[in-house]
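Numbered according to our numbering, the sequence shown spans residues 14 to 73.
Calculated from the structure, these hints are not laboratory results. For glycine and all other residues, C-beta sits at the position ideal for the given N, C-alpha and C. It cannot be assumed that every hint is accurate.
Label-pair restraints from in silico Cβ distances [as the list claims (entries may be wrong)]: (1) Val27 <-> Leu69: 12 to 22 Å; (2) Asp68 <-> Arg43: 16 to 26 Å; (3) Gly24 <-> Thr52: 13 to 23 Å; (4) Met14 <-> Trp51: 21 to 31 Å; (5) Tyr31 <-> Ile59: 11 to 21 Å; (6) Phe50 <-> Met14: 21 to 31 Å; (7) Ala32 <-> Val56: 17 to 27 Å.
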Amino acid sequence: MTRRSALGLVGLIVLAAYAVPYLILGDIARWWASFLFWTLSGVAIIALNWVATRDLGDGE
Numbered sequence: 014m015t016r017r018s019a020l021g022l023v024g025l026i027v028l029a030a031y032a033v034p035y036l037i038l039g040d041i042a043r044w045w046a047s048f049l050f051w052t053l054s055g056v057a058i059i060a061l062n063w064v065a066t067r068d069l070g071d072g073e
């Protein structure tokens, strides 16, 4: 996976972090549904940031 595609996925996840809890999960009365989505998206963003920055010290 290239740096550009990893950062593009981060952007999509950030947009989904705003849209999904309010548009799709808004009808669910339990707060934990949004919390679970935000937790999983946070873990995905951390992993994608690692992919995007793992080669920064190699003279790139």
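> Which numbered conditions among the earlier hints are violated in the structure presented, ordered from lowest to highest?
Replying inline: Of the numbered hints, just 2 does not hold.
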